[in-house]
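J.: These are the residues of each chain, in order.
There are 2 protein chains.
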Amino acid sequence: MDLVARLTAELGDVVTIDPVRLEAVRTDKSGFLSASAPLALVEASSVDHVQTTLRLANEAGVGVVPRGTGTGLAAGAVGDAGVIVLSVAKMNQIIEIDPANELAVVEPGVINADLDAALEPYGLWYAPDPASKAISSIGGNIATNAGGLLCAKYGVTREAVLGLKVVLADGRLLTTGHRTVKGVTGYDLTALFVGSEGTLGVVVEATVRVLPRPAGDVVTVGAFFPQIRQAAAASSAVVAARLRPAVMELLDGQALEAIRAYLGDEVIHSAMGHASGDGFLLVQFDESPAPETVLHAVELIEQAGGQTRVSTDAATGEQLLSIRRAFHPALAARGEVLIEDVSVPRSRLADAFDAIAEISARYGVRIPTVAHAGDGNLHPNFVVDGGAVTPVVQQAADALFRVALALGGTLTGEHGVGILKRHHLIDELGPDSYALQRQVKTVFDPRGILNPGKVFEIIE
Amino acid sequence: MDLVARLTAELGDVVTIDPVRLEAVRTDKSGFLSASAPLALVEASSVDHVQTTLRLANEAGVGVVPRGTGTGLAAGAVGDAGVIVLSVAKMNQIIEIDPANELAVVEPGVINADLDAALEPYGLWYAPDPASKAISSIGGNIATNAGGLLCAKYGVTREAVLGLKVVLADGRLLTTGHRTVKGVTGYDLTALFVGSEGTLGVVVEATVRVLPRPAGDVVTVGAFFPQIRQAAAASSAVVAARLRPAVMELLDGQALEAIRAYLGDEVIHSAMGHASGDGFLLVQFDESPAPETVLHAVELIEQAGGQTRVSTDAATGEQLLSIRRAFHPALAARGEVLIEDVSVPRSRLADAFDAIAEISARYGVRIPTVAHAGDGNLHPNFVVDGGAVTPVVQQAADALFRVALALGGTLTGEHGVGILKRHHLIDELGPDSYALQRQVKTVFDPRGILNPGKVFEIIE
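Chains as they are written, first to last, in full-length UniProt numbering: chain A, 1 to 460; chain B, 1 to 460.
The hints are simulated quantities; they were obtained by calculation from the structure and are not laboratory data. Computed from a prediction, not measured in an experiment: that's the story for all the values here. Backbone N, C-alpha and C fix where the C-beta goes; we use that ideal spot for every residue, glycine too. Treat the hints with care, since some could be wrong.
As the list claims (entries may be wrong) - What follows is a set of in silico ranges between Cβ atoms, one per label pair, in the way DEER data are often shown:
#1 B:Glu257 to A:Ala435: 20 to 30 Å
#2 B:Asp385 to A:Pro431: 35 to 45 Å
#3 A:Ser46 to B:Asp351: 31 to 41 Å
#4 B:Ile95 to A:Ala241: 21 to 31 Å
#5 B:Thr442 to A:Asp2: 34 to 44 Å
#6 A:Ala134 to B:Ile426: 57 to 67 Å
#7 B:Val267 to A:Ser322: 27 to 37 Å
Unchecked claim - A partial selection of chain B residues facing chain A, derived with a Cβ cut-off under 8 Å:
#8 Phe32
#9 Ala100
#10 Tyr154
#11 Gly195
#12 Ser196
#13 Val344
#14 Tyr363
#15 Asp375
#16 Gly376
#17 Asn377
#18 Thr412
#19 Glu428
#20 Leu436
As the list claims (entries may be wrong) - Straight-line distance between alpha carbons at most 20 Å, and here's what the computed SDA-like set of lysine to any residue pairs gives:
#21 A:Lys153 to B:Arg209
#22 B:Lys153 to A:Ser288
#23 B:Lys153 to A:Gly70
#24 A:Lys153 to A:Leu173
#25 B:Lys153 to A:Asp98
#26 B:Lys133 to B:Glu257
#27 A:Lys133 to A:Gly70
#28 B:Lys153 to A:Lys133
#29 A:Lys153 to B:Ala100
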């Protein structure tokens, strides 16, 4: 009996080979499409389903691709010929909210925003806030160590994960970590699983740390600049002054042009008056900032050439934030984009924007870009005319990766390596680290069945 | 030529076999004394010294014990017969302070408090603050993932470490991590090294994240309670109200009695008036807390039975904090103690104090205890009459570990496993995790030369 037949015999309806369903898991939000459909899709709704799937697949030596809600941007959860896709999207129960210890226990398919909504009545908050929070799952956030707008101040996913339950490649259930903030018994396997993109085990439960919701008023400053370089310099000045914004976002000229076309001028005028420019900086302070903090920030931004608009009420602040939030929908409305994700030391942001403009001109590719200025994470969006990533777009993306590494940065801040960046991984890690990491994978996955072909290329 | 002769030939004066120097590295601040002196002590002052030592030791199959300033409390850095102790205490240069990116690059021997002092002129701050910060090194803090008084709000060492340079067992130099807050290229080897107690490699450089120094005024509340259980309940009430103290410390009756004898009644009266009791709670808010926050905390503490003293100036706040700070000197002045370190979910603190009182009575051992209430980390101090840990003290400590695990906690919050807790490690990890972690160690240290006999017992 082959693996799919055995899985069906043990798990029943949980296993599907419906071609339409299999087609859907050949891709993710990156737009990448694998060469062929996988053997089957298992839609687990219990830990036991996950354990059975891995046990049988490991015995058969067949690859398993763990998948959440499919919102990944690096093709890390796509199925191809000869593998089983194991979805945990239906394992979406919030198991426990423990207000006294400020933690929650969740299944991996819980949507980030759903967890946050469930915490709100307790005055608690789940801080990691990827832009995809309305559609991405906690399990996927863990797989990619997702960040977001607020993480320079409030931390990335790794800082929020206290412990995990993970099904190992052979079907055993492993528990890692603690329900306590501190703990140093043995190696930090919890952190090792966070960001491991389904190559070491399948997360079936997470104990996450939650925080008191920031209290008090929000103050938001929007500013237009003639050039993005000036906006980047202004963000550096705000950091250098040791002010602590919760949000600090940069939009370049190509991004602004797309947003203007998408939202309409009147929406931007309503938020920003008639100020305009080719660079935009958005700074938001939370926890009722001292007035002198806000005045200092405004002074620094104006000294750098910004025309500012200050909002001290939540509604106008939301208007300003909506300019930033319109970025992805504005580009999606125009067609396909390759959403990239590099980080540089934040002092090099202006250099990174210059380099992106140069790459855009050299390759004749439009690259509207947004950056989380607080942590140096840039999302250059390569506009793909006709919907497919052409060789010239790929060359332009390769040039971007070289720039990120040359500026002391990293290939991926939060989207992961998946398939799309695996060819560049060794350039960042170097051969020693690369070799060690492959050996670590072998400890957890001796038969190499977990997410084959992702992150680490198969080299044989 | 034997290993010591080869080391001396290559490294010269860096290597010592002076019996007085070797005697000193048979112990640490735990009071544990190894059976015999090590073969030699290498006092590295460069990366090259570390690489040479490990290369030669690995070739010879001789164990190497990495050591910082020797302030460990779990005997994790003590030398015994047949091994080389490799001290990095003299690698104590601050290599770089980068204010624009809010990071510092340091050698491992830099003292925690020295780094903090160097950052102060920039308005920056190194948040991890173990009680040993005046004497412990950053490398040792990394080896044990040290926490401290402030970490419930500001994070433990792991959250502060962005990247490392590590010499591997065979002498190769490995670089991990990023200079950016975000990054998900490959596995989080940085987090794997943090807390690994010198069993995976020797940290020779760390890039650490620093924060703006908290601005504004500090408000401190001290409170005496008839019983420690009430003080623990008050701390839970403060957390439940979602107030966010920077410091929250508990002292039990035996701890208070020792502190009173050490400081004298007048010092305590000066800070607290004539209030008295068998439980003490210290709560400190930073960043100019709103008056309603402080009033709410005082109300909750008094409802739980506390007699409070509120200090709104730094000098009186420091007086209150000095009561807590006197705990370790007060016990040291009376003789030897075994300083333990367990964590429980903070909602179980009151139960943990009850259990400690029960263990104290059952075994006839005094166990004055302080706890970081914000993160559930307790430091019960077992008073060792005559200076040696007797079987009955060991039995009492074993009972404490069982309580910590039964309450959903962990064997060690921040001191590490070292030698003293290695017999209990498998009880917390379980056999699967224990086996996997030993295999991970083998990837990094195939010949088993790094800190032999620590953390993982040698089972052959």
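J.: Each of the hints needs a verdict: does it hold here or not?
T.: Right, here's what the structure says about each hint:
1. B:Glu257 to A:Ala435: 20 to 30 Å: Given range 20 to 30 Å: violated, Cβ gap about 57 Å.
2. B:Asp385 to A:Pro431: 35 to 45 Å: 57 Å, violated
3. A:Ser46 to B:Asp351: 31 to 41 Å: 32 Å, holds
4. B:Ile95 to A:Ala241: 21 to 31 Å: 25 Å, holds
5. B:Thr442 to A:Asp2: 34 to 44 Å: 35 Å, holds
6. A:Ala134 to B:Ile426: 57 to 67 Å: Once the Cβ atoms are compared, 43 Å apart, the range 57 to 67 Å for isoleucine 426 of chain B and alanine 134 of chain A is violated.
7. B:Val267 to A:Ser322: 27 to 37 Å: 57 Å, violated
8. Phe32: Hint on phenylalanine 32 of chain B: violated, closest Cβ of chain A at ~18 Å, above 8 Å.
9. Ala100: 4 Å, holds
10. Tyr154: 11 Å, violated
11. Gly195: With a closest approach of 4 Å, the glycine 195 of chain B hint holds.
12. Ser196: 6 Å, holds
13. Val344: Holds - the Cβ of valine 344 of chain B comes within 8 Å of chain A, reaching about 7 Å at its closest.
14. Tyr363: Violated, because the Cβ-Cβ distance from tyrosine 363 of chain B to chain A comes to roughly 24 Å (cut-off 8 Å).
15. Asp375: This interface hint holds because 4 Å falls under the 8 Å limit.
16. Gly376: At about 5 Å, which falls below the 8 Å cut-off, the nearest Cβ of chain A leaves the hint on glycine 376 of chain B intact, so it holds.
17. Asn377: At about 5 Å, which falls below the 8 Å cut-off, the nearest Cβ of chain A leaves the hint on asparagine 377 of chain B intact, so it holds.
18. Thr412: 5 Å, holds
19. Glu428: The hint holds - glutamate 428 of chain B has a Cβ within 8 Å of chain A, the shortest such distance being about 5 Å.
20. Leu436: Because about 6 Å separates leucine 436 of chain B from the closest Cβ in chain A, which is inside the 8 Å limit, the hint holds.
21. A:Lys153 to B:Arg209: 12 Å, holds
22. B:Lys153 to A:Ser288: Measuring from Cα to Cα gives roughly 18 Å; hence the hint holds.
23. B:Lys153 to A:Gly70: The given pair, whose Cα atoms are some 34 Å apart, is violated under the 20 Å limit.
24. A:Lys153 to A:Leu173: 34 Å, violated
25. B:Lys153 to A:Asp98: 18 Å, holds
26. B:Lys133 to B:Glu257: 25 Å, violated
27. A:Lys133 to A:Gly70: Given that 20 Å is the threshold and the Cα spacing comes to 13 Å, the pair holds.
28. B:Lys153 to A:Lys133: With a Cα-Cα distance of about 24 Å, the restraint between lysine 153 of chain B and lysine 133 of chain A is violated, given a limit of 20 Å.
29. A:Lys153 to B:Ala100: Roughly 15 Å between the alpha carbons, so the hint for lysine 153 of chain A and alanine 100 of chain B holds.
Of the numbered hints stated above, those contradicted by the structure are hints 1, 2, 6, 7, 8, 10, 14, 23, 24, 26, 28, listed in ascending order.
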